[in-house]
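Asks: Just so you know, our numbering puts 119 at position 119 of the first sequence, and the rest follows in order with no gaps.
Check each hint, because a few of them may be wrong.
Straight-line C-alpha distance at most 27 Å; calculated DSS-like pairs for lysine-lysine [unchecked claim]:
| hint | residue 1 | residue 2 |
| --- | --- | --- |
| 1 | Lys-375 | Lys-301 |
| 2 | Lys-411 | Lys-450 |
| 3 | Lys-450 | Lys-473 |
| 4 | Lys-496 | Lys-276 |
| 5 | Lys-64 | Lys-387 |
| 6 | Lys-250 | Lys-473 |
| 7 | Lys-276 | Lys-301 |
| 8 | Lys-375 | Lys-365 |
| 9 | Lys-375 | Lys-362 |
| 10 | Lys-370 | Lys-411 |
| 11 | Lys-368 | Lys-450 |
| 12 | Lys-64 | Lys-276 |
| 13 | Lys-492 | Lys-528 |
| 14 | Lys-276 | Lys-490 |
| 15 | Lys-375 | Lys-64 |
| 16 | Lys-521 | Lys-473 |
| 17 | Lys-422 | Lys-370 |
| 18 | Lys-351 | Lys-420 |
| 19 | Lys-99 | Lys-114 |
| 20 | Lys-370 | Lys-420 |
| 21 | Lys-365 | Lys-387 |
| 22 | Lys-422 | Lys-473 |
| 23 | Lys-250 | Lys-238 |
| 24 | Lys-250 | Lys-64 |
| 25 | Lys-297 | Lys-222 |
| 26 | Lys-99 | Lys-276 |
| 27 | Lys-368 | Lys-292 |
| 28 | Lys-297 | Lys-351 |
| 29 | Lys-496 | Lys-512 |
| 30 | Lys-370 | Lys-387 |
| 31 | Lys-450 | Lys-276 |
| 32 | Lys-222 | Lys-292 |
| 33 | Lys-382 | Lys-80 |
| 34 | Lys-370 | Lys-99 |
| 35 | Lys-297 | Lys-276 |
| 36 | Lys-80 | Lys-64 |
| 37 | Lys-473 | Lys-490 |
Just so you know, these hints were derived from the structure itself, not from any lab.
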Amino acid sequence: MFLRLKSGVSGLFLVKIQKVEGRWQFETWLKIHRKMPPTIKIMAKEITSREQDYSQWYIDIVQKANLADHSAVRCCMVIKPNGFAIWENIQAQLDRMFKETGHVNAYFPLFIPKSFLSREAQHVEGFAKECAVITHHRLMNAPDGSGVIVDPEAKLEEELIVRPTSETIIWDTYRTWINSYRDLPLLINQWANVVRWELRTRLFLRTTEFLWQEGHTAHASKEEAERETQTILDVYAKFAEEWMAMPVIKGVKTANERFAGAVETYCIEALMQDGKALQAGTSHFLGQNFAKAFDVKFSNKNNEQEYVWATSWGVSTRLVGGLIMTHSDDDGLVLPPKIAPTQVVIVPIPKPGAEIDEAAEKLMKELKAKGVRVKYDTDDQKRPGFKFAEHELLGIPVRLGIGARDLAEGKVEVARRDTKEKSNQPLEGIANYIIDLLDEIQQHLFDRSKAYRTEHITSVDTFDDLREVLDGKGGFVSAHWDGTTETELKIKDLTKATIRCIPVDNELENGKCVLTGQPSKQRVLFAKAY
RNA sequence: CGGGGUGUAGCGCAGUCCGGUUAGCGUGCCUGCUUUGGGAGCAGGAGGUCCCAGGUUCGAAUCCUGGUACCCCGACCA
């Protein structure tokens with residue numbers, strides 16, 4: 001007879017049934033008609049566990065929660081609606097914070113004349129290897145009819161670079177905008193895409209094209225520019241911790257890790273669940289490097305010409321990757337309520353119906369009135385169990401289940417995504433309960449990831465210990481370093497870890513460099529990084 | 001840029017070594033019925049330039065040559 005098994009094996013089975021010692025027995029011979037996929041049926045949305053393969057887990061989350069896809073273009077991603085909604089929330093809040101601190105938005109071109117990039121020596125050195133270059137401006141039909149080719153007649157006189165960052169084009173523009181100290185400070189931000197030709201992709205964390213904001217400010221004094229750098233660093237840290245519930249360490253980069261063209265680079269560093277660090281944002285004090293390269297001077301109060309002082313700062317869609325790797329679990333995405341596109345989902349049990357719809361609509365109205373982003377799942381095809389799993393995968397912080405039983409009791413089932421706890425709550429006053437619960441979840445996510453980070457900052461005093469922690473437990477390792485790039489590179493070579501930063505609130509402490517034994521005044525944080 | 005892998009239905013894959021009916025399986029999709037408090041069942045149905053080009057052959061998803069695309073790991077990277 002022909003059988004089809006759940007495992008995906010189908011074919012011809014021979015079954016022999018016989019009576020042995022009064023009992024029926026049967027043997028089967030399987031003659032596989034055709035070799036079928038050997039895999040047992042895998043649940044459509046199965047996610048690789050973090051323990052098994054953290055990298056694959058990340059890929060699964062991004063794909064199965066519909067955050068992003070690989071595109072037809074090498075190393076570029078398509079950000080899908082679910083992923084973009086997260087980015088929009090990040091954008092919206094940061095934009096508010098930038099404006100509260102006096103910044104305005106503008107937009108500069110995607111293309112940069114090649115010659116601009118080379119004006120600042122370190123800058124060009126830092127970016128030259130990853131620039132996309134525009135050489136022609138026209139296509140034509142191939143003479144042999146094989147399709148479209150680049151028209152050799154349409155070669156650009158000066159090639160254009162697709163911006164890897166906009167300092168050069170912006171400072172070239174600022175030259176014409178700034179004449180007097182009265183024109184300063186100039187506090188401008190832009191939301192844009194940039195291109196850095198990468199050789200390897202990790203969705204959200206590293207792609208050739210990505211979205212970001214880049215702030216570029218001009219100041220009359222060094223002190224003011226330095227203060228601006230700090231202001232933004234604080235904005236970033238506050239945003240990361242209070243909105244993304246992602247604890248960060250504010251620090252300063254070593255010379256080796258500094259932005260190409262900066263005098264000083266400050267950063268916020270976060271720690272992912274696998275013990276690797278993620279640079280989540282940077283704020284640069286550029287000194288007068290770009291002002292000198294692009295000849296941007298202003299007349300001070302004494303009518304003397306001075307070069308302008310500059311900063312630049314940015315965070316990117318990489319934050320979405322950081323968000324995933326800070327909170328999510330083996331069941332899917334976990335989002336902090338403040339960033340979650342949908343904060344509450346209502347699931348009718350078993351399916352939509354007049355009575356349940358009415359209760360749900362009322363509930364939604366109450367929640368929306370209090371500013372909660374809520375959705376009612378009206379799909380009448382999918383069963384509740386499927387929806388539960390689906391909403392968990394998508395990371396919706398709170399799920400409410402309403403069925404006839406609940407309505408009879410005047411209750412609702414409340415399930416929180418972060419702890420997977422379920423409880424029955426009275427419908428009366430539920431909106432306030434939810435508001436408090438969302439706050440509690442937000443706080444819990446932050447506390448949980450901060451506790452993880454605290455456990456994963458390890459102080460060591462020998463190189464062997466440094467290596468052992470990096471290879472085993474992971475996380476940040478606090479150790480003495482002699483301050484030289486040479487030692488930093490040697491340690492990187494030996495351990496694959498880099499100095500993530502020197503924390504800004506670092507305590508001074510005399511010690512000896514873990515590698516060279518040279519005197520050191522403070523500890524720095526080492527980690528393997530994304 | 002080095003190493004590895006993969007291009008076959010929307011998605012995940014088998015078939016390729018050893019050429020041969022009408023190219024299959026799971027899932028998803030459509031229709032209907034029954035279900036529904038943690039990923040439903042049955043029945044029927046739609047859906048394919050087998051990555052591209054050339055070659056070998058009576059015959060190519062399968063063999064040969066060339067090309068191309070993407071992924072993974074590493075190196076590189078503010």
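Asks: Looking back at the numbered hints, which does the structure fail to meet, lowest number first?
Replies: 1, 2, 7, 11, 19, 22, 24, 26, 27, 28, 35
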